[in-house]
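Chemist: Sequences and hints are given; from them, build the entire structure.
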Amino acid sequence: MYNNPLKDMRQEFLSLLEGAISKGYANAGLDPGDIENSIVPGRQGHGDLSSSVSFRIAKTLKLNPNDVANTLAGSMRSTKRFSKISVESAYINASFDRKLYAKKVITGVLRLGDKYGVGDAGKGRKVIVEFPSVNPNKPWHIGHLRNALLGDAISNIMESNSFRVEREDYIDDLGLQIAVSLWGYKNVDSNPDTKFDTWLGQQYVIVNKRMENSDVKREVEELLKRIEISGTPESMENRKLAEKCVRAQYQTAYNYNIWHDTLVWESDIIRERMLDRAVGILKERDMVHVPIAGKYRDCLVLKLEGAGRDEDEENAKVIIRSNGVPTYIAKDFAFHLWKIGMIPDQFNYSVFGEEQAEGRVLYSTSEKGKMIKGHGDADIAVNIIGAAQSQQQSILKYMIKGASNSKKEVIHLSYGEVDVEGGSLSGRTGGWIGEQKSYTADSLLSESVSRVKGIMKEKGHGGEERIAKEVALSAIKFEFLKVSPEKKIVFSWDKALDFSGNSGPYCMYTYARASKIVEKERRMKLEEKDLDYISDGIDYDLIKAIGSVPEAVEKAANEYRPTVIADTLLDISMLFSKFYETMPVLKAEKERRVRLAITYSVKQSVGNMLKILGITPLETI
RNA sequence: GGGCAUGUGGCGCAACUUGGACAGCGCAUCGGGCUUCGGACCCGAGGGUUGCGGGUUCAAAUCCCGUCAUGCCCGCCA
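In this text, residue positions in the first sequence follow our numbering: the first is 25, and each later residue adds one.
Read the hints as simulated data drawn from the structure, not as lab findings. Among the hints, erroneous ones may be present.
What the hints assert, rightly or not - Straight-line Cα separation of at most 27 Å, BS3-like style, residue types lysine-lysine; simulated pairs:
1) Lys483 / Lys544
2) Lys611 / Lys128
3) Lys483 / Lys493
4) Lys579 / Lys139
Claimed, not checked - Here are the computed distance ranges between Cβ atoms for each label pair:
5) Asp91 / Arg547: 51 to 61 Å
6) Ile419 / Asn237: 26 to 36 Å
7) Lys108 / Glu60: 15 to 25 Å
8) Thr84 / Met598: 39 to 49 Å
C-beta atoms are modelled at their ideal positions from N, C-alpha and C, and glycine is treated no differently.
Modeler: Here it is in structure tokens:
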């Protein structure tokens with residue numbers, strides 16, 4: 025069911041080492057972890073796996089590391105999986121038996137197909153991934169897009185490790201920003217002349233300026249109060265406006281092949297009185313208090329580490345304001361307790377909007393829907409959220425830790441903001457609008473598609489819309505996902521529209537070329553004698569790279585880093601290009617069958633990994 | 001003032017979490033490959049005191065201390 029060739033080899037090497045060490049150097053006092061960590065992939069010409077344990081042993085026992093290595097290598101029992109174990113500069117280098125290893129990798133891919141790479145680390149556990157949670161009064165800009173792409177990729181990665189995944193989007197339909205938009209909608213303009221979210225976002229910038237007028241400000245604040253009370257006409261108008269905007273935002277999401285399972289509305293958290301329960305828990309655990317004097321008089325304030333003197337502190341954290349209105353973090357806290365099952369699911373759900381791809385259904389919390397089992401109550405809650413909110417998130421984590429005694433995990437996957445040259449993408453001041461093109465996810469996609477069409481034309485390909493779109497998506501997604509999340513990105517159109525080099529289209533091209541070769545072979549077969557025609561060159565390097573795919577998938581999940589997938593994908597793609605250049609497949613005679621099998625394995629691995637990154641592999645581009 | 005993140009050839013990044021053999025890749029530059037299975041490709045060359053200074057270690061881009069630079073956060077906003 026699962027296959028992890030490299031991990032198996034690593035484990036076998038580990039047990040060989042352990043055996044030898046327990047025979048000769050049991051007194052060195054090594055942890056099994058030390059030995060495991062000493063194993064690294066072999067460098068060029070130094071075998072396939074290497075261990076540096078001898079240094080460690082030599083150190084504690086005051087011996088010569090090279091002697092230790094030789095003794096260890098000498099006393100390791102021989103196995104058929106390793107063809108050679110040698111010592112070089114005190115490193116113990118193990119070479120795989122090429123034929124055996126190649127067979128294991130290739131037959132694994134042939135057998136598992138689309139499931140090659142899948143691991144079982146998350147079996148029986150559920151994870152909720154929250155992304156991108158854009159305020160419902162503006163379009164997704166490229167910063168939100170980064171969030172969404174990360175969230176989508178993380179979700180796929182977790183699924184590839186057999187976790188049950190619920191993809192969630194939190195809609196913050198309360199608060200000042202939406203009150204401003206609603207006020208504008210009622211008093212300034214309600215006739216959109218373009219896509220609704222874009223129009224509303226532009227209007228928000230204009231109305232925001234009017235807030236400098238104190239009469240307007242007062243009216244908006246009045247409106248805000250009414251919105252926050254469930255059941256008022258204003259709250260219903262507000263929800264309607266927000267839903268209209270969210271529907272427009274989801275057109276963007278669908279265009280990017282991004283989908284969710286659940287939409288959770290902040291106003292529903294209030295209506296369902298989940299907040300009361302959450303605050304109740306804080307009170308039970310004695311984590312909050314109400315100062316009787318000072319700056320925070322009559323507020324419900326969180327007791328931070330320096331408990332007892334919060335009322336003197338400048339930066340105490342308010343949970344409920346003196347006027348009784350909860351702050352954002354209060355609602356987020358309640359939401360998170362729901363995510364990890366500390367507050368039972370009492371939402372009603374209804375189906376939201378048009379159907380998503382592949383018949384997936386998007387449920388939305390709502391007043392009128394019905395109870396549906398299966399939402400919330402996860403073992404791990406992953407929150408994809410901008411680095412600017414790290415401090416807030418650590419307070420949130422502190423609250424959850426204090427309120428819960430379960431082993432459930434809340435992960436804050438923080439990513440660096442996306443800036444544009446000389447500015448930020450502020451929603452309030454309209455930084456996202458740009459000078460000529462807006463920095464929205466929509467315009468990035470349409471610009472990229474027309475760029476791809478141009479390239480296709482140059483190369484004499486048809487320029488089909490569907491293909492151009494998927495290639496453009498591959499470029500955009502790969503570009504964002506190959507950089508570590510914590511790094512900030514400075515966006516420029518030149519860079520964004522340059523698809524050369526380490527790019528999504530390069531990987532797509534690999535997939536298409538491999539597909540072309542393999543397309544006429546209905547059934548891949550591999551016989552024992554075919555293995556003789558694997559050389560010690562690029563063909564074997566390719567096999568090794570393919571063999572490392574399952575480990576990459578596992579690592580990506582452990583570290584919540586899609587980069588690991590992107591790197592492996594590039595690795596295989598680059599090796600395949602070299603292979604393609606130097607080792608003919610269809611024209612080969614004796615080697616034809618192995619090379620076909622290798623090519624098929626490339627296609628399968630690359631395809632599987634592209635899908636994990638949210639990219640659709642195409643056989644023709 | 002406190003906190004978080006980042007700093008790697010001209011540019012964009014990888015390797016840092018778990019210290020291991022010569023710091024990888026792409027762009028740009030220069031020089032090659034008559035498009036044989038798809039040239040959105042491949043091969044070669046030049047280009048690095050991994051911000052700086054200490055320390056730990058057989059071994060440091062990686063760990064520790066200090067320091068500098070840049071960005072962000074620190075509201076009864078969300």
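Chemist: If a hint holds in the structure, say so; if it doesn't, say that too.
Modeler: Right, here's what the structure says about each hint:
no. : hint                        : result
1   : Lys483 / Lys544             : holds, 25 Å
2   : Lys611 / Lys128             : holds, 25 Å
3   : Lys483 / Lys493             : holds, 17 Å
4   : Lys579 / Lys139             : holds, 17 Å
5   : Asp91 / Arg547: 51 to 61 Å  : holds, 53 Å
6   : Ile419 / Asn237: 26 to 36 Å : holds, 34 Å
7   : Lys108 / Glu60: 15 to 25 Å  : holds, 21 Å
8   : Thr84 / Met598: 39 to 49 Å  : holds, 41 Å
No hint from the list above goes unmet by this structure.
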